[in-house]
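2 protein chains.
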Amino acid sequence: MELDKEERSRVLVIGGTGHIGKHIVAASIHHGHSTSVLIRDATPSDLAKAQLLTSFVDSGVALIKGDLFNHESLVKAIKSTDIVISAVGPRQLAEQTRIVTAIKEAGNVKRFLLSEFGSDVERVHTVDPVASLYAGKVNLRRLIEAEGIPHTYVCCNGFAETYLPSIGDVTAVGAGPPSDKITVLGDGDAKAVFVVEEDIAVYTIRAIDDPRTLNKILYMRPPANIVSHNELISMWETKTGKTLQIARIPEVDLLEWIKEAAFPLNILLSLALSIFVRGDQANFEIEPSFGVEATELYPDVKYTTVDEYLTRLL
Amino acid sequence: MELDKEERSRVLVIGGTGHIGKHIVAASIHHGHSTSVLIRDATPSDLAKAQLLTSFVDSGVALIKGDLFNHESLVKAIKSTDIVISAVGPRQLAEQTRIVTAIKEAGNVKRFLLSEFGSDVERVHTVDPVASLYAGKVNLRRLIEAEGIPHTYVCCNGFAETYLPSIGDVTAVGAGPPSDKITVLGDGDAKAVFVVEEDIAVYTIRAIDDPRTLNKILYMRPPANIVSHNELISMWETKTGKTLQIARIPEVDLLEWIKEAAFPLNILLSLALSIFVRGDQANFEIEPSFGVEATELYPDVKYTTVDEYLTRLL
Numbered sequence: 001m002e003l004d005k006e007e008r009s010r011v012l013v014i015g016g017t018g019h020i021g022k023h024i025v026a027a028s029i030h031h032g033h034s035t036s037v038l039i040r041d042a043t044p045s046d047l048a049k050a051q052l053l054t055s056f057v058d059s060g061v062a063l064i065k066g067d068l069f070n071h072e073s074l075v076k077a078i079k080s081t082d083i084v085i086s087a088v089g090p091r092q093l094a095e096q097t098r099i100v101t102a103i104k105e106a107g108n109v110k111r112f113l114l115s116e117f118g119s120d121v122e123r124v125h126t127v128d129p130v131a132s133l134y135a136g137k138v139n140l141r142r143l144i145e146a147e148g149i150p151h152t153y154v155c156c157n158g159f160a161e162t163y164l165p166s167i168g169d170v171t172a173v174g175a176g177p178p179s180d181k182i183t184v185l186g187d188g189d190a191k192a193v194f195v196v197e198e199d200i201a202v203y204t205i206r207a208i209d210d211p212r213t214l215n216k217i218l219y220m221r222p223p224a225n226i227v228s229h230n231e232l233i234s235m236w237e238t239k240t241g242k243t244l245q246i247a248r249i250p251e252v253d254l255l256e257w258i259k260e261a262a263f264p265l266n267i268l269l270s271l272a273l274s275i276f277v278r279g280d281q282a283n284f285e286i287e288p289s290f291g292v293e294a295t296e297l298y299p300d301v302k303y304t305t306v307d308e309y310l311t312r313l314l
Numbered sequence: 001m002e003l004d005k006e007e008r009s010r011v012l013v014i015g016g017t018g019h020i021g022k023h024i025v026a027a028s029i030h031h032g033h034s035t036s037v038l039i040r041d042a043t044p045s046d047l048a049k050a051q052l053l054t055s056f057v058d059s060g061v062a063l064i065k066g067d068l069f070n071h072e073s074l075v076k077a078i079k080s081t082d083i084v085i086s087a088v089g090p091r092q093l094a095e096q097t098r099i100v101t102a103i104k105e106a107g108n109v110k111r112f113l114l115s116e117f118g119s120d121v122e123r124v125h126t127v128d129p130v131a132s133l134y135a136g137k138v139n140l141r142r143l144i145e146a147e148g149i150p151h152t153y154v155c156c157n158g159f160a161e162t163y164l165p166s167i168g169d170v171t172a173v174g175a176g177p178p179s180d181k182i183t184v185l186g187d188g189d190a191k192a193v194f195v196v197e198e199d200i201a202v203y204t205i206r207a208i209d210d211p212r213t214l215n216k217i218l219y220m221r222p223p224a225n226i227v228s229h230n231e232l233i234s235m236w237e238t239k240t241g242k243t244l245q246i247a248r249i250p251e252v253d254l255l256e257w258i259k260e261a262a263f264p265l266n267i268l269l270s271l272a273l274s275i276f277v278r279g280d281q282a283n284f285e286i287e288p289s290f291g292v293e294a295t296e297l298y299p300d301v302k303y304t305t306v307d308e309y310l311t312r313l314l
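Protein chains in written order, with the UniProt record's numbering: chain A, 1 to 314; chain B, 1 to 314.
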């Protein structure tokens with residue numbers, strides 16, 4: 001059954017020009033939702049952002065001037081939507097309390113999606129500096145639960161674009177594929193989960209007005225994309241026909257390194273401890289009491305596999 | 001003229017177990033200052049930190065229980081010192097207002113060193129997310145100036161341990177030396193400055209009771225350590241006898257990449273824009289009205305050159 005556009009939920013994205021936000025905006029429009037994006041400055045000085053905003057407008061997105069720090073603008077934007085999706089970056093996580101206040105005042109929001117888009121912050125085992133960042137996200141969950149705001153927490157696990165180009169080597173996170181050596185943290189056997197950004201956006205948009213995801217955690221664990229670092233390296237070696245020299249860093253040494261490392265390497269390493277060493281993205285069962293899994297809910301979505309993504313890197 | 005220990009300034013380090021803090025504690029003790037470190041927990045559960053604290057005590061450091069969020073503990077610790085050096089990490093930068101409040105109340109501090117230890121945040125040209133971090137540091141400078149607190153801002157420029165092991169490739173900041181390819185941001189000709197952590201600590205300690213550094217910026221620009229990325233790569237190629245394949249990313253593409261990149265790669269890239277593309281560590285004259293240069297003030301300090309550091313990496 002196809003719904004008319006008028007019957008579909010209206011979507012407001014805050015942080016819609018960011019890494020994951022822009023994909024969510026695209027998916028929302030593609031799925032026929034009236035979509036608006038909160039924009040601080042409708043005529044940005046930089047070209048890339050201007051082009052993105054132009055593409056939004058061309059595809060039918062409404063740009064709404066406003067920002068987190070302007071309460072009136074926020075309430076006004078929220079009053080004209082059904083669903084609020086926050087995709088703000090780490091620096092603005094704490095400021096989401098301003099969105100909560102505005103949602104309470106507006107009183108009409110059917111679902112609020114906090115900016116999560118990572119591991120389940122209540123089921124991670126890591127250390128500072130990332131532990132504190134995650135603690136802030138947990139506090140936000142408690143706040144919107146206390147306020148009784150209908151919500152879905154989207155735990156998409158690892159962004160493919162962050163981790164896969166370096167074949168999972170977080171010490172080389174922007175460097176592209178390794179040519180002869182790679183660093184593995186821990187024994188490399190813990191399972192991690194990687195999801196391509198476009199797919200994260202599609203699953204997110206599918207979930208926003210699905211009663212099965214109401215007040216639940218939506219996990220993304222595409223079966224073909226749950227892989228250990230060792231497996232990921234093997235897949236890459238098979239594709240390239242070249243064997244990589246692996247430098248293994250035991251967990252105990254990684255813990256010391258995190259303390260020694262200067263900002264921002266310490267951030268990357270404490271993220272990696274959770275994902276690659278402790279396997280926090282796949283080391284627990286998703287119980288119906290708290291969560292649902294995206295590929296089970298939406299089996300018709302044809303997601304990009306890790307294998308396909310690696311082929312693109314060749 | 002050697003001063004007795006009794007005549008030397010007493011030093012309190014806040015953040016003394018961190019990346020640069022632990023070197024400052026060591027240098028302070030080595031230079032004969034009564035040195036204390038504010039410690040949240042004197043019996044940490046992790047081995048690395050416990051070992052560090054033991055080594056502090058063995059070398060004569062006084063551990064003082066207290067933290068930023070306990071005002072009384074802070075005032076008490078500050079009342080027993082002459083110099084306060086903050087070396088707190090990025091997450092606690094803003095909390096340094098608590099130190100300012102405590103210093104005002106204590107009323108006895110001869111010099112306060114904010115946690116700077118990077119580029120001169122008033123002479124950088126970068127974009128978010130790092131631009132916001134730097135703006136916070138600028139605010140702190142204005143605050144302590146408004147409060148009339150005697151100070152020195154230590155702009156040590158680039159930590160050697162952060163940038164040199166990957167031969168200046170910030171996309172591979174924890175990965176160690178490149179074996180065949182390296183990423184260069186911009187044209188690679190902007191001059192950056194790298195200083196080994198132990199030397200940063202020595203210059204810092206030399207400056208704390210030097211009248212020439214009072215209410216000034218102490219820059220570290222060791223002449224042998226002012227090098228462009230291209231020069232750094234050439235030095236490494238000469239040492240290894242191997243030529244690296246260079247992938248160049250123009251500034252305009254880097255600016256787009258920063259917007260696209262997820263946390264925390266976007267932090268690394270916006271730091272790199274300032275250091276490697278725009279040359280913010282060496283693209284201005286140090287005027288006597290605002291600054292002094294460490295190797296000119298302390299020519300007797302034999303610093304580690306970039307060349308020597310690279311040799312250690314072989």
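No lab work stands behind these hints: they were computed from the structure.
Honestly, I wouldn't trust all of these hints.
[Unchecked claim] Taking lysine-lysine pairs in the PhoX-like style, the calculated list, with each CA pair at most 25 angstroms apart, reads:
| # | chain 1 | residue 1 | chain 2 | residue 2 |
| --- | --- | --- | --- | --- |
| 1 | B | Lys242 | A | Lys242 |
| 2 | B | Lys181 | B | Lys191 |
| 3 | B | Lys191 | B | Lys216 |
| 4 | B | Lys49 | A | Lys239 |
| 5 | B | Lys239 | A | Lys181 |
| 6 | A | Lys181 | B | Lys302 |
| 7 | A | Lys104 | A | Lys49 |
| 8 | B | Lys65 | A | Lys259 |
| 9 | A | Lys216 | A | Lys79 |
| 10 | A | Lys110 | A | Lys49 |
| 11 | B | Lys65 | B | Lys79 |
| 12 | A | Lys49 | A | Lys76 |
| 13 | A | Lys49 | B | Lys259 |
| 14 | A | Lys49 | A | Lys65 |
| 15 | B | Lys191 | A | Lys242 |
| 16 | A | Lys259 | B | Lys49 |
| 17 | B | Lys242 | A | Lys181 |
| 18 | A | Lys191 | A | Lys181 |
| 19 | A | Lys65 | B | Lys259 |
| 20 | B | Lys191 | B | Lys242 |
These figures come from a predicted structure and were not determined experimentally.
For this session: Just pull the numbers of the violated hints for me, sorted ascending.
Result: 4, 6, 7, 10 and 15
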